[in-house]
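Participant: So the chains spell out like this:
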Amino acid sequence: MAGEERNLKVRIDHVEKIYDGRQGKMVALNGVDLDIYENEFICVVGPSGCGKSTLLNIIAGLLEPTSGAVYVDGKKVEGTGTERGVVFQQYALFPWLTVLKNVMFGLKLKGMPDDQAKEIAMKYIKMVDLEGFVDAYPKELSGGMKQRVAIARAYAVQPEVLLMDEPFGALDAQTRTQLQAELTKTWQEEKKTCFFITHDVEEAIILATKVIVMSARPGRIKTIIDIDLPYPRTQDLKMQKEFLDLKAQIWGEVYQEYLEVRK
Amino acid sequence: MDNKKKSKLQIPPWGWLIISFLVAMLLWFFLSVNEKTARSFPFLPAIIEALGTVISRGILAEDFLSSMISVLSGFALGFVTAVPVAFLMAWYLPVRNILEPWIQFIRNIPPLAYVPLVVIAVGVGRKPQIIVIWLATFLIMTVTIYQGVRNVDETLLKAARVLGAKDKDLFVKVVFPATTPFILTAVRLGVSVALTTLIAAESTGASAGMGMRIRSFSNSFEVAPMLLYIILIGIIGITSEKIIKTLERKLTGWQEKREI
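Here the protein sequences come in this chain order: L and P.
To convert, note that position 132 of the first sequence is 132 in the numbering used here; the numbers rise steadily by one, no gaps.
To convert, note that position 230 of the second sequence is 230 in the numbering used here; the numbers rise steadily by one, no gaps.
By construction, these hints were calculated from the structure, which means they are not laboratory data.
Keep in mind that this is a model prediction, so the values were computed, not measured.
Some hints could be false.
[As the list claims (entries may be wrong)] In silico DMTMM-like cross-links for lysine to aspartate or glutamate, where the CA-CA straight-line distance does not exceed 20 Å:
no., chain 1, residue 1, chain 2, residue 2
1, L, Lys108, P, Glu248
2, P, Lys166, L, Glu78
3, P, Lys166, L, Asp135
4, L, Lys108, P, Asp167
5, P, Lys158, L, Glu253
6, L, Lys123, L, Glu160
7, P, Lys158, L, Asp228
8, P, Lys168, L, Glu78
9, L, Lys139, P, Asp153
10, L, Lys101, P, Asp153
11, L, Lys101, P, Asp169
12, L, Lys123, L, Glu189
13, P, Lys158, L, Glu160
14, L, Lys110, P, Asp167
15, L, Lys222, L, Glu189
16, L, Lys139, P, Glu248
17, P, Lys173, L, Asp135
18, P, Lys250, L, Asp135
19, L, Lys139, P, Asp169
20, L, Lys247, L, Asp228
Chain P on its own, in the form it takes in the complex:
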């Protein structure tokens, strides 16, 4: 009897996902009929209609593409610069002492604050977007990878050395694999920061893009497409995170349990 009762209460994870989805829909519906919030939260049919419009007008594809180009180039630049800087900081004390305070300082300034400055420096268009995303992703990834390199277990280096490893082997066979989990975490954080920064970066003078479009919808009081874009940005974010998490599990499954 007891057993039966227990199994009745057991809801599988996908079941919870459906419940969670329904609860959110209910809340959304409530917001859409409530007098005070109805204007900001049009319900699903209006959103679907808006989706049809932005697709047929061709702006969704254009915006999505434009944003992705900025995010990916900014992120790629951030990554290829963060890796060497992080390693240099971990290995050379002067590099660390000079760079670290500034990296920590700038990292704590929201990118939105310095976007105008970058625009003044390089003009409007894609350039300031890429620069701002580059800077933001570079900072977070440098800090994360740097921690990883510093965390490499000294005993593992000793163990490799007594087994015949030379300096080059130490890097390729010990430091690099030991740092991989941190590099993947850095990628995940970097992508997330890139998306967050994108909206700020596009808000000043872009010709297309998810963030720029939200701003322009806001100027013309087109609430439904605006909400649609906000939801789409969320979907892009969670999808990329899921992809990277899968990658992390595949590549660093050897780790003792650790979450960052």
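Chain L on its own, in the form it takes in the complex:
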């Protein structure tokens, strides 16, 4: 994205998170600094326990940092806000609501009248190709479809920043690949800033403009790698040298951390 006008969207300013556990204090995040620019697609990779979910929850306002702060558009994050949408790994659809009502949930909370909320919801349900399932309940949907609904629901309230916590982690390889392609397309159309957590290095390279490798215990940012591959990034790309080089480089960084954790 070099050479373009860059607006700072999210500033993570020396965020520290310490948990008081039974075995004493546990430093989950040790002074994380990161600037995220508008329309960037950030993928965070790192071994489990490196605090990547903690970081996402702090940006979302679901957790408070022990020290430091997060700013979105220059405004300090205090609690949740609809300018920051979240997609969870466990889908988190309301099982008593139909697909349509799930996607309308956030819009109704804004006090939007029914027909207007429905119109917007339908737009995003179409975007994720589920117009045939508007009246279905979550239990009638496959995992991939559920996550599509969750993505539509997050987009419907039109957040500035979309936070995704291993959203495709529970899906099979085919569905995963398909949703990655869909997500890239949506991201290009909707121009949102994305912050995406994954443990899958290939997934990170396919999606991201920038891959962040986190180190564990205490969690901090280890390396930032720009991915300058052109979109759309197809499956063929996975066979090409530039992709494989990136994969080797990132995987090496992550693996080193993985060994650290095992010690």
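Assemble the complex: chain L is given as a structure, and chain P must be docked to it using the hints.
Facilitator: Okay, now just chain P, sitting in the frame of chain L:
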């Protein structure tokens, strides 16, 4: 050929119901002619005759009404107290820590055991009946609803919050609907407990009621009307359960399959 054989063996559910009914009738008939059990199990004609008598004497309507008033008021009191207590227990640790052991303790005492105590405290009549049913239904429903509130998925609350839900919205739009299946299960269990407890509650000094009448028939060795009343209580029980189950299916059909 194979197909034909298979379809021959296929009996629809209502068919099984008829078979089951006939088997029971046969067993009943056997009990009514067997020398040792004949006195306790008079057969259908005697029961129908007894039905005619209790209707014409007006006692069936009176007993049914009286029992229903006790059951419904006791159950209603149990429900309106169980819901807030269950929520308070789920949300406030001190409330839970103080109440839970006692709720579990009293729940394990058969109501029949403490009926006399209640009668001594408040006297005979409808009052002790309602109190005992209230207590029994309150306990079972509190435990069930409490489990439901505690079971609300944390991720759903998070999801609602990031979509802009405030505390009030969380309760109305997430906690309440998520708890509905448990509340309906609590209602079903509560009604069942209310009926069971009723008989115990009425057995000491009631002026009318299904349970009281069984006792009085027993004192005068009127076996046929006694058996009739027992069957009627069974019919009341299964009917109410069927009604609530239908309600459950209608209101909580969105659930992934789960049976309690």
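Participant: Holds or violated: Lys110 of chain L with Asp167 of chain P, Cα cutoff 20 Å?
Facilitator: 14 Å, holds
Participant: Holds or violated: Lys166 of chain P and Asp135 of chain L, Cα atoms, limit 20 Å.
Facilitator: This hinted pair is violated, its Cα atoms lying about 26 Å apart.
Participant: Does Glu189 of chain L lie within 20 Å of Lys123 of chain L when you go C-alpha to C-alpha?
Facilitator: Cα-Cα ~13 Å, so holds.
Participant: Checking one constraint from the list: CA of Lys139 of chain L to CA of Asp153 of chain P, max 20 Å. Satisfied?
Facilitator: With a Cα-Cα distance of about 15 Å, the restraint between Lys139 of chain L and Asp153 of chain P holds, given a limit of 20 Å.
Participant: Regarding the pair Lys101 of chain L and Asp169 of chain P, is the alpha-carbon distance no greater than 20 Å?
Facilitator: Distance of about 15 Å is within 20 Å: holds.
Participant: Quick one, are Lys168 of chain P and Glu78 of chain L close enough, alpha carbons at most 20 Å?
Facilitator: 19 Å, holds
Participant: Has the given pair, Lys247 of chain L with Asp228 of chain L, been kept, meaning a C-alpha gap of at most 20 Å?
Facilitator: Holds, because 13 Å separates the two Cα atoms, which is no more than 20 Å.
Participant: Given the hinted pair Lys108 of chain L and Asp167 of chain P, is their Cα-Cα distance within 20 Å?
Facilitator: The hint holds at about 15 Å.
Participant: CA of Lys123 of chain L to CA of Glu160 of chain L, is that 20 Å or under?
Facilitator: 18 Å, holds
Participant: With the threshold set at 20 Å, check whether the alpha-carbon distance from Lys158 of chain P to Glu253 of chain L stays at or below it.
Facilitator: The given pair, whose Cα atoms are some 32 Å apart, is violated under the 20 Å limit.
Participant: Taking only the CA atoms, is the gap from Lys250 of chain P to Asp135 of chain L under or equal to 20 Å?
Facilitator: Distance of about 16 Å is within 20 Å: holds.
Participant: For a C-alpha distance cap of 20 Å, please report whether Lys158 of chain P and Glu160 of chain L respect it.
Facilitator: 18 Å, holds
Against the hints set out earlier in the document, violations occur for numbers 1, 3, 5, 7, 15 and 19.
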